[in-house]
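Novice: Starting from the given sequences, assemble the full structure and let the hints guide the process.
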Amino acid sequence: MENNEHINKLTDEALNSLDGTGRATPKPYLLTRINARMQNEKESSWDIALKFISRPAVALAGLCLVIVINATVGYKYTEKTTVVQEDYVTVDEYSSSTTVLNDIENIEP
Amino acid sequence: MNQPELIVQLQQGDEQAFKKLVDEWQDMVYNTAVSIVQNEDDADDITQDVFVQVYQSVSSFKGDSKFSTWLYRIVISKALDHVKKKKRKKRFAFVQSLFGTASEEEIHPEEFNHPGVLMENRERAAELFKAMQLLPDNQRIAFTLHKLEAQRHQDIAAIMNISVTAVESLIARAKGNLRKTLQAYYTKNNN
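Chains A and P supply the protein sequences, listed in that same order.
Residue numbers are given in the numbering used here: position 62 of the first sequence equals residue 62, and the series is strictly consecutive.
For the numbering used here, count along the second sequence from 1 and bump the result up by 109.
Treat the hints with caution; some may be incorrect.
Pairwise CB distance ranges (calculated) [claimed, not checked]:
no., chain 1, residue 1, chain 2, residue 2, range
1, P, Glu-114, A, Cys-64, 51 to 61 Å
2, A, Asp-12, P, Asn-247, 22 to 32 Å
3, P, Arg-197, A, Lys-27, 20 to 30 Å
4, A, Lys-27, P, Val-204, 56 to 66 Å
5, P, Asp-150, A, Ala-71, 17 to 27 Å
6, A, Tyr-77, P, Gln-121, 51 to 61 Å
Among chain A residues calculated to face chain P with C-beta under 8 Å, some are [what the hints assert, rightly or not]:
no., residue
7, Leu-18
8, Thr-21
9, Gly-22
10, Ala-24
11, Ala-49
12, Leu-60
13, Leu-63
In the DSBU-like style, the derived pairs of lysine-lysine whose C-alpha atoms are separated by at most 35 Å in a straight line are [claimed, not checked]:
no., chain 1, residue 1, chain 2, residue 2
14, A, Lys-9, P, Lys-195
15, P, Lys-199, P, Lys-297
16, P, Lys-193, A, Lys-27
17, A, Lys-51, P, Lys-171
18, P, Lys-194, P, Lys-297
19, A, Lys-80, P, Lys-194
20, P, Lys-297, A, Lys-42
Hints listed in this document are in silico derivations from the structure and should not be mistaken for laboratory results.
Even for Gly, the Cβ is constructed at its ideal location relative to N, Cα and C.
Specialist: Have a look at this one:
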């Protein structure tokens with residue numbers, strides 16, 4: 001019984017321990033620290049550009065663009081190569097006589 | 110310079126107005142933060158964060174509520190975020206402790222002594238602060254604003270965006286829960 005009263009007394013003391021509490025104050029030069037933090041948070045244009053590029057949507061769109069350009073260039077190159085190969089065939093067809101002439105000229109006596 | 114004028118100047122990016130704002134509100138912001146996070150260094154960080162946010166977003170303050178209400182909401186939101194982050198870190202530290210890599214401070218933080226508490230009440234107040242950590246967020250905020258910021262129930266209702274009756278109920282429940290926790294603590298430590 002006495003113990004309970006003692007516990008209740010301690011509990012009441014704890015519950016009332018914040019009565020008369022004053023406001024806590026921050027460390028001096030708070031404004032200087034705030035200004036320093038704001039300076040640090042100011043980003044350079046490169047940081048902004050990097051942040052923009054690293055966005056998943058932008059990165060994915062960029063990747064798709066590279067693939068499309070790559071595919072287009074690849075397709076065009078293949079087309080060009082085919083035309084060039086056809087040209088070679090034509091040259092081969094008409095060059096047979098030249099080869100024959102050369103062969104004749106180089107025949108050893 | 111009255112408050113509406115100060116806010117207009119802040120919205121125009123006036124640095125003198127910002128200095129005045131910091132001078133005027135720093136104690137309120139810091140005291141609220143330190144009472145919630147119960148760590149002076151963390152409260153200092155939060156105070157800086159709050160003023161940076163105020164500077165950056167003061168243009169969005171339309172004057173629908175009192176400036177102090179708006180400011181209290183920012184502080185409380187940042188402080189609660191911090192508490193949640195710390196709890197997550199603590200859980201992670203517990204897992205780390207199983208492998209013996211967590212520091213002792215991360216698992217068992219030091220007891221908190223609010224700088225404004227009267228010297229003769231320090232020991233009891235530290236036990237009360239420990240019990241406050243176990244309260245649900247809304248009870249904790251209502252109790253803190255009432256006890257440590259001496260806010261009226263109407264003002265707490267505006268800050269928390271609830272009715273005055275709800276505030277009274279939250280404070281009563283907070284006191285009941287604190288009483289239970291403290292009684293259990295003293296019963297355990299008294300024998």
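Novice: Do the beta carbons of Tyr-77 of chain A and Gln-121 of chain P sit within 51 to 61 Å of each other?
Specialist: Distance hint for Tyr-77 of chain A, Gln-121 of chain P holds at roughly 59 Å.
Novice: Are Lys-9 of chain A and Lys-195 of chain P close enough, with their CA atoms no more than 35 Å apart?
Specialist: holds (33 Å)
Novice: Have a go at the Gly-22 of chain A hint: is there a Cβ in chain P nearer than 8 Å to its own Cβ?
Specialist: This hint holds: Gly-22 of chain A lies near chain P, its Cβ roughly 4 Å from the closest one there, short of 8 Å.
Novice: CA of Lys-51 of chain A to CA of Lys-171 of chain P, is that 35 Å or under?
Specialist: Holds, at roughly 31 Å.
Novice: Can Ala-24 of chain A be said to touch chain P, with a Cβ gap under 8 Å?
Specialist: holds (4 Å)
Novice: Is Lys-80 of chain A close enough to Lys-194 of chain P, meaning Cα to Cα at most 35 Å?
Specialist: violated (61 Å)
Novice: Range first: 51 to 61 Å. Now tell me if the beta carbons of Glu-114 of chain P and Cys-64 of chain A are that far apart.
Specialist: Given a distance of about 53 Å, which is inside 51 to 61 Å, the answer is holds.
Novice: In this structure, is the beta-carbon distance linking Asp-12 of chain A and Asn-247 of chain P contained in 22 to 32 Å?
Specialist: holds (24 Å)
Novice: Would the hint on Thr-21 of chain A stand, with a C-beta cut-off of 8 Å toward chain P?
Specialist: Given a least distance of 5 Å, the restraint on Thr-21 of chain A holds.
Novice: Between Lys-27 of chain A and Val-204 of chain P, does the beta-carbon spacing fit 56 to 66 Å?
Specialist: violated (34 Å)
Novice: Take the shortest C-beta to C-beta distance between Leu-63 of chain A and chain P; is it under 8 Å?
Specialist: Hint on Leu-63 of chain A: violated, closest Cβ of chain P at ~33 Å, above 8 Å.
Novice: Can the restraint linking Lys-297 of chain P and Lys-42 of chain A be considered satisfied, given a maximum Cα separation of 35 Å?
Specialist: violated (53 Å)
Hint check: violations occur at hints 4, 5, 11, 12, 13, 19, 20; the rest are consistent with the structure.
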